[in-house]
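A.B. asks: Listed in order, the protein sequences are those of chains A and B.
Just so we're aligned: 48 in numbering that gives the first Met the number 0 is position 49 of the first sequence, and the numbers increase by one with no gaps anywhere.
Just so we're aligned: 55 in numbering that gives the first Met the number 0 is position 56 of the second sequence, and the numbers increase by one with no gaps anywhere.
In short, the hints are calculated from the structure, not lab data.
Each hint should be verified, as a subset may be incorrect.
[Claimed, not checked] Computed Cβ-Cβ distance ranges for the label pairs, DEER-style:
1. 579/A to 146/B: 27 to 35 Å
2. 175/B to 457/A: 27 to 35 Å
3. 495/A to 6/B: 39 to 47 Å
4. 492/A to 6/B: 45 to 53 Å
5. 181/B to 391/A: 58 to 66 Å
6. 41/B to 410/A: 44 to 52 Å
7. 146/B to 391/A: 35 to 43 Å
8. 437/A to 146/B: 33 to 41 Å
9. 574/A to 131/B: 57 to 65 Å
10. 81/B to 395/A: 22 to 30 Å
11. 146/B to 519/A: 16 to 24 Å
12. 391/A to 28/B: 56 to 64 Å
13. 546/A to 175/B: 29 to 37 Å
14. 395/A to 131/B: 49 to 57 Å
[What the hints assert, rightly or not] Some residues of chain B that are not near chain A, with every Cβ distance over 10 Å (derived):
15. 23
16. 42
17. 66
18. 67
19. 74
20. 95
21. 116
22. 117
23. 124
24. 130
25. 156
26. 160
27. 173
28. 181
29. 196
30. 197
[Claimed, not checked] Which stretches of chain B does chain A cover? Using the computed rule of at least three CB atoms under 8 Å from a CB of chain A, they are:
31. 5-18
32. 52-65
33. 82-94
Computed from a predicted model, the values in this text were never measured in an experiment.
Here a beta-carbon is modelled for each residue, glycine too, at the ideal position from N, C-alpha and C.
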Amino acid sequence: MTGTLSDVSRSAAGRRPTRLGARSPTLAVLFLAACVLALGAVEIALLFSGPVDPPWQVVLFPVVGWVYLAAGVTAWLRRPSNRMGPLMVVGALAWIGAGLANTPVQSLHTVGLVVASLPLAVVIHLLLAFPSGRLRGTLSRATVVATYFVGLVLQAPRYLYDPEEAGNLLFVADRSDLADVGHWVQHGVGAIVIVITALILARRLRDVAPQQRYVLAPLYVYSIAAVLWVPASSDLEALALWDPLTRATIQLLVLAGIPVAFAAVISLGGFARTGEIDELGAWLGADEHARPELRDALADTLGDPSLELAFWDGPSAAYVDAAGNTVALPPSGSSRAAVEVSVGRRRVGAIVYDETLIADPELVRRAGRVVAAALDRERLTAELRASRERLRISRARVVAAADTERRRIAHDLHDTLQTRLVLLAVEAHGLRSDGSVPDGAAAELEAGIETAINELRELVHGLLPAVLAERGLYAAVEDLVDRMPLPIALELDSQRAPLPPPVESTGYFVVSEALTNAVKHAHAHELGLRIQRMNGELTIEVKDDGIGGASAGTGSGLRGMAERVEALDGHLSVRSPPGGGTCVLAEVPCGS
Amino acid sequence: MRPRRGPVRVVIGEDQALMREGLALLLERDGFEIAALANDADALVRAAGLHHPDLVVADIRMPPNEADDGLRAALEIRRSAPGVALLVLSQHVLPRYATELMDAGAERLGYLLKQRVADVETFCSDVRRICAGGVVLDPEVVSAMLARVRRDDPVERLTPRQREVLALMAEGRSNQAIAKQLFLTEKAVAKHVSHVYHELGLLPCPDDHRRVLAVVSFLTSESAAASSAATPM
Chain A
0 MTGTLSDVSR SAAGRRPTRL GARSPTLAVL FLAACVLALG AVEIALLFSG PVDPPWQVVL
60 FPVVGWVYLA AGVTAWLRRP SNRMGPLMVV GALAWIGAGL ANTPVQSLHT VGLVVASLPL
120 AVVIHLLLAF PSGRLRGTLS RATVVATYFV GLVLQAPRYL YDPEEAGNLL FVADRSDLAD
180 VGHWVQHGVG AIVIVITALI LARRLRDVAP QQRYVLAPLY VYSIAAVLWV PASSDLEALA
240 LWDPLTRATI QLLVLAGIPV AFAAVISLGG FARTGEIDEL GAWLGADEHA RPELRDALAD
300 TLGDPSLELA FWDGPSAAYV DAAGNTVALP PSGSSRAAVE VSVGRRRVGA IVYDETLIAD
360 PELVRRAGRV VAAALDRERL TAELRASRER LRISRARVVA AADTERRRIA HDLHDTLQTR
420 LVLLAVEAHG LRSDGSVPDG AAAELEAGIE TAINELRELV HGLLPAVLAE RGLYAAVEDL
480 VDRMPLPIAL ELDSQRAPLP PPVESTGYFV VSEALTNAVK HAHAHELGLR IQRMNGELTI
540 EVKDDGIGGA SAGTGSGLRG MAERVEALDG HLSVRSPPGG GTCVLAEVPC GS
Chain B
0 MRPRRGPVRV VIGEDQALMR EGLALLLERD GFEIAALAND ADALVRAAGL HHPDLVVADI
60 RMPPNEADDG LRAALEIRRS APGVALLVLS QHVLPRYATE LMDAGAERLG YLLKQRVADV
120 ETFCSDVRRI CAGGVVLDPE VVSAMLARVR RDDPVERLTP RQREVLALMA EGRSNQAIAK
180 QLFLTEKAVA KHVSHVYHEL GLLPCPDDHR RVLAVVSFLT SESAAASSAA TPM
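I would like the entire structure built from these sequences, with the hints used as guidance.
C.D. replies: Rendered as structure tokens:
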């Protein structure tokens, strides 16, 4: 069967796309965003609830928080498995929290003082977690922990001892000396943390592709500079070019630029691609049974629900689908395009996508490189499945052909040769009666013919027992059991409905081999035979109480049984512990 | 047997033309009248309905299904005309078919291997014995049935000689014939027979075919019971 990929993709597009995440986070994210937005609004209202209005710049805290929020929600919704989005939302909360220090409510003012440095720590966290939102390496993780330590713990002397902040609830004593020491420790350790961060980022810059470096370097430099400048400007008077209010305004705007810069990188080149590759990486790492299909993962990541995979079939030098059917890649000029996927220099498949949805083939190519190994494995699985199916069909065909042949030969012998021999015997007897031949010779001839008839009868029985041909499996098994020299507990399906001829032949073969083995080799005293048909499957179980130790590998009889059963897509198992008897269990599909 | 004058009228069902003609010839030579020949089971049933024969000779494996169509046809004929004598021929003998035939009425019944036709005289006398109301089973069937007999069976208690006698009885032989075959006196055979009856708990009867009938029904029912008795393990 040959189809074109556009046919396939139509049906694929009709399928409900599976999301990468287990459930869509959209609603939850939007709800969270609404909450944070409201929080900012409440804060603004609070800022101006006091008897004296503060300078308008205090509004910038919640506003910068909203900027973080907008950037974070955008990233979160676009890349659900990327943690940059959630992290930026945390940044938004940190900004709104820090802004509380400007409210006239004492308790909120205290909270604001406690978290006042948190926004800077979050920026460091964002930088180190970029682009996936996950921290890579022990150094990064330790640095982020240190950052939060600097931002939250080393912040303490300021609200505990600084006389300027005496109005807060946590204020202990007017110890400006301790407050000063705390201030310098916080700024010193903070500077070290920032330097380490800068070094980590510099090392990362060295390792990325030049294209990415052009995007990442300004982002890193800008962010580091912004974080450095905020504390440094209060320490070094030389940097304080403007009056404190103007300076604070500029600082806040600069810090607000960081999430905007991240968002810009998201919508420009590097981050988008890295994010997609990252999502595919997360897919690759997921538990194979829990993750969605490769095609769905790619379709979801690249945003093309009509995306299709084609596997390269080396022997036929053509692309095939998962079912092994030959497919043609879309012709140029159609709205669909294909990108080849290779492992090393070996072609393994192609990703066929909609050019109107994905304009940049490079994006598909990169995704293809990430999943190449998975695609190759899927190709091998499809190939293996197809070849196993072919093998089974051909084996079934061989068994069926042999069966048909046996029936035909048995039938022919029965119809022609046996009849002829009987008539010959009649003639030989006639010779004896009419005395034309010496009596002894005639008797010898007659006896010879009778022997031939008996031998032929045995032969035909061996090919196809008459009772099997005439009365089916259950009767044949009963007769077989009757002839066995050991007592056999027989349990047959009560319906005794007719079975397909191949199942009857195979079933008889299994029963007769298993019983013969039990009688000949197992030194059994008692046998049990059960044949049951249930849910479209015929179950044959032969048990004995003999010496056990039989296995499908050793006994050619068992091997032959297994082959016949498997040819009908059935399964044969042998349980035969030494000294524990033998149980042969065959399950063969037999229609309803 | 129906009191009737004139030759015994026969319908033969056999799909092999050579065999069919051969049988017809043999029986005709021996004084039977061939009423009709049929080459499949359906035709056989029709012919029997049409000609009301005294005897139906049927091959077991016949068209249309090439299975046990001939046997089924014979049983069907016996159901609609219980007085008809049946001779069922086959290339293989199966005890189960003997049992089924017996269940349909253990008289005027024969079940033989086809090759028994070769000994024309014995065959024709068997056919006559069947028509006279007797039961004739092929020695192969009898020995297969005896082989099926399980433990706890009274037949097991018989001496080998008694079993031999029983087998020949089951084949429809008279005491005289048994004596001749086993090189015994008729008196000795009669003694064995009464021992067999005794061992099997059967009352002796004077009638030749009735005793066969009794013995055979005993064997068939016992063997049937034996196979089901083997069920629990």
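A.B. asks: Now tell me if each hint is right for this structure.
C.D. replies: How the hints compare with the structure:
1. Distance hint check for residue 579/A and residue 146/B: the Cβ-Cβ separation is about 31 Å, which falls inside the suggested range of 27 to 35 Å.
2. The hinted window of 27 to 35 Å between residue 175/B and residue 457/A holds, with their beta carbons roughly 34 Å apart.
3. Checking the proposed 39 to 47 Å range against residue 495/A and residue 6/B shows it holds: the Cβ atoms sit about 43 Å from each other.
4. Evaluation of the 45 to 53 Å hint for residue 492/A and residue 6/B yields a pass: the beta carbon distance comes to about 49 Å.
5. Distance hint check for residue 181/B and residue 391/A: the Cβ-Cβ separation is about 59 Å, which falls inside the suggested range of 58 to 66 Å.
6. Distance hint check for residue 41/B and residue 410/A: the Cβ-Cβ separation is about 20 Å, which falls outside the suggested range of 44 to 52 Å.
7. Against the hinted window of 35 to 43 Å, the Cβ-Cβ separation of residue 146/B and residue 391/A comes to about 41 Å, which satisfies the hint.
8. The hinted window of 33 to 41 Å between residue 437/A and residue 146/B holds, with their beta carbons roughly 37 Å apart.
9. Taken as a hint, the range 57 to 65 Å holds for the pair residue 574/A and residue 131/B, whose Cβ atoms sit roughly 58 Å apart.
10. For the hinted restraint 22 to 30 Å between residue 81/B and residue 395/A, the CB-CB distance of approximately 48 Å leaves it violated.
11. Between residue 146/B and residue 519/A the beta carbons are some 19 Å apart, a value that agrees with the proposed interval 16 to 24 Å.
12. Take residue 391/A and residue 28/B: their Cβ atoms lie about 59 Å apart, and the range 56 to 64 Å holds.
13. Roughly 53 Å separates the CB atoms of residue 546/A and residue 175/B, a value that falls outside the hinted 29 to 37 Å.
14. As the Cβ distance of residue 395/A to residue 131/B is approximately 55 Å, the hint placing it in 49 to 57 Å holds.
15. Non-interface call for residue 23/B relative to chain A: holds, since the shortest CB-CB distance, roughly 13 Å, exceeds 10 Å.
16. The Cβ of residue 42/B lies farther than 10 Å from every Cβ of chain A, with a closest approach of about 18 Å, so its non-interface assignment holds.
17. Here residue 66/B does not stay apart from chain A, with its beta-carbon only about 4 Å from theirs, under the 10 Å limit.
18. Distance check for residue 67/B against chain A: the nearest CB is about 4 Å away, which does not clear 10 Å, and the non-interface claim fails.
19. Against the 10 Å criterion, residue 74/B stays outside the reach of chain A, whose nearest CB is about 14 Å from its own CB.
20. Listed as outside the interface, residue 95/B is inconsistent with that label: its C-beta sits roughly 7 Å from the nearest C-beta of chain A, within the 10 Å cut-off.
21. Non-interface call for residue 116/B relative to chain A: violated, since the shortest CB-CB distance, roughly 6 Å, does not exceed 10 Å.
22. Its beta-carbon lying about 3 Å from the closest one in chain A, residue 117/B breaks the requirement of being farther than 10 Å from that chain.
23. The beta carbon of residue 124/B sits about 14 Å from the closest Cβ of chain A, which is more than 10 Å, so the claim that it is off the interface holds.
24. Every CB of chain A lies more than 10 Å from the CB of residue 130/B, the least distance being 21 Å, so the non-interface label holds.
25. Separation of residue 156/B from chain A is adequate, the least Cβ-Cβ distance of about 19 Å exceeding the 10 Å criterion.
26. Even its closest Cβ contact with chain A, about 23 Å, leaves residue 160/B beyond 10 Å, as expected for a residue assigned away from the interface.
27. Every CB of chain A lies more than 10 Å from the CB of residue 173/B, the least distance being 22 Å, so the non-interface label holds.
28. With a minimum CB-CB distance of about 20 Å to chain A, residue 181/B clears the 10 Å threshold, and the non-interface call stands.
29. Under the 10 Å C-beta cut-off, the non-interface status given to residue 196/B relative to chain A holds; the minimum distance is some 26 Å.
30. Every CB of chain A lies more than 10 Å from the CB of residue 197/B, the least distance being 27 Å, so the non-interface label holds.
31. Counting residues of the segment 5-18 of chain B whose beta carbon lies closer than 8 Å to any beta carbon of chain A gives 3, which reaches the threshold of three, so the coverage claim holds.
32. Here's how the segment 52-65 of chain B fares: 3 of its residues keep a CB closer than 8 Å to some CB of chain A, so the rule of at least three is met and the hint holds.
33. Here the segment 82-94 of chain B counts 5 residues with a CB under 8 Å from a CB of chain A, which clears the bar of 3, and the coverage holds.
Checked against the numbered hints given earlier, this structure breaks hints 6, 10, 13, 17, 18, 20, 21 and 22; the rest are met.
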